[in-house]
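*Asks:* Heads up: the sequence lines are chains Z and W, in that order. Going by the numbering used here, the first residue of the first sequence is number 1, and it counts up by one from there. Going by the numbering used here, the first residue of the second sequence is number 261, and it counts up by one from there.
Don't read these hints as lab results, they were simulated from the structure. Backbone N, C-alpha and C define an ideal beta-carbon position, used for all residues, glycine too. Some clues are possibly wrong.
Said to hold, decoys possible - Derived list of chain W stretches under chain Z, where covered just means 3 residues or more per stretch with a C-beta under 8 Å from a C-beta of chain Z:
| no. | segment |
| --- | --- |
| 1 | 329-336 |
| 2 | 428-438 |
| 3 | 449-463 |
What the hints assert, rightly or not - Label-pair distances were calculated between CB atoms; the ranges are:
| no. | chain 1 | residue 1 | chain 2 | residue 2 | range |
| --- | --- | --- | --- | --- | --- |
| 4 | Z | A76 | W | V365 | 41 to 47 Å |
| 5 | W | P509 | Z | D254 | 23 to 29 Å |
| 6 | W | P410 | Z | A116 | 31 to 37 Å |
| 7 | Z | D254 | W | R505 | 51 to 57 Å |
| 8 | W | R424 | Z | C192 | 51 to 57 Å |
| 9 | W | R424 | Z | D238 | 34 to 40 Å |
| 10 | W | P340 | Z | E250 | 55 to 61 Å |
To be verified - Selected chain Z positions facing chain W (in silico; Cβ < 8 Å):
| no. | residue |
| --- | --- |
| 11 | P92 |
| 12 | Y136 |
| 13 | F241 |
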Amino acid sequence: MSGVTISGVSKVFPGHGSGDAPVVALEDVSFVIADRQFCSILGHSGCGKTTLLMLLAGFERPTRGEILMDGAAIGAPTWQRTVVFQDYALFPWLTVRQNIAFGLEMKQTPKADCQAIVARYVERVGLQGFEDRYPYQLSGGMKQRVSIARALAVDPSVLLMDEPFAALDAQNRARMQEEMGRLLASADPSLCKTMVLVTHSIEEAILLSDRVIVLTRRPGRVKAEIGIDLPRPRRETDARFAALKQHVRELIHDEYEPER
Amino acid sequence: MLNALAGRLAPLGLLAALIGLWWYVSTEVLDRTTRALLPPPQAIAVAVWELIRTGDLWRHTVDSLSREIVAFLWALSAVPLGIAMGWWKGVERQVDPVIEMLRPVPPLAWIPLSILWFGVGNTQNEFIIFLGCFFPILVNTVAGVKGVEPNLVRAARCLGAGERQTLWRVVLRAALPQIITGIRVGLGVGWMALVAAELVGASSGLGFLINDARTVLRTDYVIVGMATIGVVGLAIDRIIRAITRRVMPWSLALSR
C-alpha cells in the first residue's frame with residue numbers, strides 16, 4: 001500500500017528581500033492519490049504544481065497541513081519516492097550504466113544484482129548499446145530515458161515526475177508519451193507504482209492518468225478532480241478522449257481568463 | 261606543400277621580427293660595454309647550453325618545482341575547507357571573515373615575516389607559495405559547491421544518498437571543474453610567488469638563479485632563468501589541462 005493523502009497543505013515562501021511580500025505557492029490543497037494510481041497534477045506554470053511535487057518528495061516541508069504516505073507523515077527524501085526531473089538531473093560524470101546504478105549502490109545492492117537490474121532497465125527504456133555513454137553524448141529524449149530508468153531501478157513505491165517531457169522537442173515528446181502509455185498498459189507488476197505526473201499538457205495528462213487534479217492559478221488550489229477511465233492504450237483520436245480534453249481545456253481556460 | 265608550410269609559419273611573423281629587432285639592437289645599437297645588459301639571442305643560446313651542461317639549470321628547476329609541489333599539496337587543504345564552507349552556512353559564517361582579512365594581503369607581503377618565522381630556506385619559500393596557491397583554490401571551491409545544480413543534489417537525496425554520500429559522490433564531483441580551475445590559477449599564482457620568495461629567501465631555485473646571476477652581471481643567465489620560469493609555468497598549466505581532459509571528458513563538454 002502506497003497511497004498518498006494530502007490534507008490542507010499550504011506552502012508559503014518568504015520573500016527574497018526584506019520588503020518583499022511572502023509568496024503563497026499552495027493554499028489548502030487536499031486530495032488523495034490511491035495506491036498504484038497514476039495521478040496527474042495539471043495547471044499553468046507558476047501554479048505551484050512543482051512545489052507540490054517537491055513537498056511530496058520531501059525536499060520541502062509544507063507550511064500548513066500534512067502529507068501522509070501509508071498513514072505516516074512524509075519526512076526526508078528516500079528512495080521510496082524517486083523523482084524524474086524536467087532537466088533530467090543526470091550526473092554528468094557518470095555513464096548511463098553508472099547513473100542507473102547510483103541509487104542501487106546507495107541501497108548497497110550486491111554487485112551482481114545491481115548489474116542485472118541495470119541491464120533490465122537499460123533494456124526496458126531501449127538504451128542498449130548506450131550503456132557506456134556519458135549524458136553529454138545523449139539526446140534529450142535519451143537523457144530522459146536514463147532518468148526514468150534511474151528512478152525506477154531502486155524500485156520505489158511512488159514515482160514523481162516533474163514535467164518530464166517538457167524539455168523535449170515535439171516528436172520526441174510524443175514518442176516518450178506513447179512509450180510511457182505502453183509501459184503502463186503492459187501491466188508489468190514492477191511498473192505498477194503510484195505515479196504522480198506534474199504537467200501543463202492536457203493531452204499528456206489524459207493520455208497517461210487514472211486521475212487528473214486541476215490546480216488554480218497562484219496560489220494553487222484544487223480546482224477539479226477528474227477520473228479518466230478510458231481503456232489503454234489511449235488514442236487522441238478517440239471521441240471520448242476529445243470530449244475529456246475539451247472539458248479539461250475549459251476548466252483550465254477559466255483560470256487563464258482573469259490574467260488577460 | 262610550400263604554401264602549407266608558409267601558413268604554419270605565418271603566425272610566428274611578429275615573434276621573428278621581435279627576435280630580429282632584439283638581435284639588431286644588441287649587436288648594432290649597443291656598444292661593447294652596454295651590450296652586457298642585453299646579450300644577443302645567440303649568446304642566450306650559448307648560455308642555455310652552458311647551464312644545461314653544468315646541470316645548474318636542471319638543479320634549480322627541480323628545487324623550485326619541488327617547493328611548488330610541496331606547497332601545492334598543503335594548499336589542497338583548501339578543497340575540503342571550501343566544500344565545508346560552500347555546504348554548511350555556519351562554517352562559512354565563521355571562516356569567511358578570517359579569509360576575507362587574510363586574502364587581500366599579497367603573498368609577497370608575507371616574505372619579511374616568514375623569513376623571521378622560518379629563516380631562509382625551503383619552509384619559508386613553501387609558505388609563500390602556499391599562500392599564493394591556497395586562496396584561489398578556496399575561492400573557486402566555495403563558488404563551485406554553491407553553484408552545484410540543486411536538482412543534482414535532490415536527485416542524489418531521493419535515490420537514497422545520505423549527506424556524506426551526497427557530498428562525496430555528487431557535490432565534490434559536480435564542483436570539480438571549478439576546483440580544477442582554482443588549482444590552475446593557484447598553481448600559477450604560487451609559481452609567481454615562488455620566484456619572488458626565492459629572490460630574497462633561498463640559496464637555490466630559479467628565482468635564486470636569476471638574482472645570483474644579476475649580482476655578477478650575467479645577463480645571459482638572468483634571461484635564461486626568466487625564460488625557464490615562463491616555460492615551466494606554461495608547462496604546469498598545460499599538464500593540468502591535459503589531465504583534466506583525460507580524467508573529466510564530460511567537464512569540457514559542459515563548458516562548451
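*Asks:* Is the coverage entry for the segment 428-438 of chain W by chain Z consistent with the three-residue Cβ rule at 8 Å?
*Replies:* holds (count 5)
*Asks:* Look at the Cβ atoms of W/P340 and Z/E250 and judge whether their distance stays inside 55 to 61 Å.
*Replies:* 58 Å Cβ-Cβ, so the 55 to 61 Å window holds.
*Asks:* How does the Cβ-Cβ distance of Z/A76 and W/V365 compare with 41 to 47 Å: does it lie in that range?
*Replies:* holds, 43 Å
*Asks:* Cut-off 8 Å, C-beta pairs, minimum 3 residues; does the coverage of the segment 449-463 of chain W by chain Z stand?
*Replies:* This one is violated; 0 residues, fewer than the three required, reach chain Z with a Cβ under 8 Å.
*Asks:* Falls inside 31 to 37 Å, the C-beta gap from W/P410 to Z/A116?
*Replies:* holds, 32 Å
*Asks:* Could you check the hint for me, namely that W/R424 and Z/D238 are 34 to 40 Å apart, CB to CB?
*Replies:* violated, 51 Å
*Asks:* Just tell me: holds or violated, for the beta carbon distance of W/P509 and Z/D254 against 23 to 29 Å?
*Replies:* At roughly 51 Å between Cβ atoms, Z/D254 and W/P509 fall outside 23 to 29 Å, so the hint is violated.
*Asks:* Against chain W, is Z/Y136 within 8 Å by beta-carbon distance?
*Replies:* The hint holds - Z/Y136 has a Cβ within 8 Å of chain W, the shortest such distance being about 4 Å.
*Asks:* If I claimed the Cβ atoms of W/R424 and Z/C192 lie 51 to 57 Å apart, would that claim hold in this structure?
*Replies:* violated, 34 Å
*Asks:* Tell me whether the statement that chain Z covers the segment 329-336 of chain W is true, taking a Cβ distance below 8 Å and needing three residues at minimum.
*Replies:* Our answer is that it is violated, as 0 residues pass the Cβ test (under 8 Å) against chain Z, missing three.
*Asks:* Given a hint of 51 to 57 Å, does the C-beta separation of Z/D254 and W/R505 actually sit inside it?
*Replies:* Holds: the Cβ-Cβ distance is about 56 Å, inside 51 to 57 Å.
*Asks:* So, Z/P92 near chain W? Judge it on the closest CB pair being under 8 Å.
*Replies:* holds, 5 Å
Of the hints listed earlier, those the structure fails to meet are numbers 1, 3, 5, 8, 9 and 13, in rising order.
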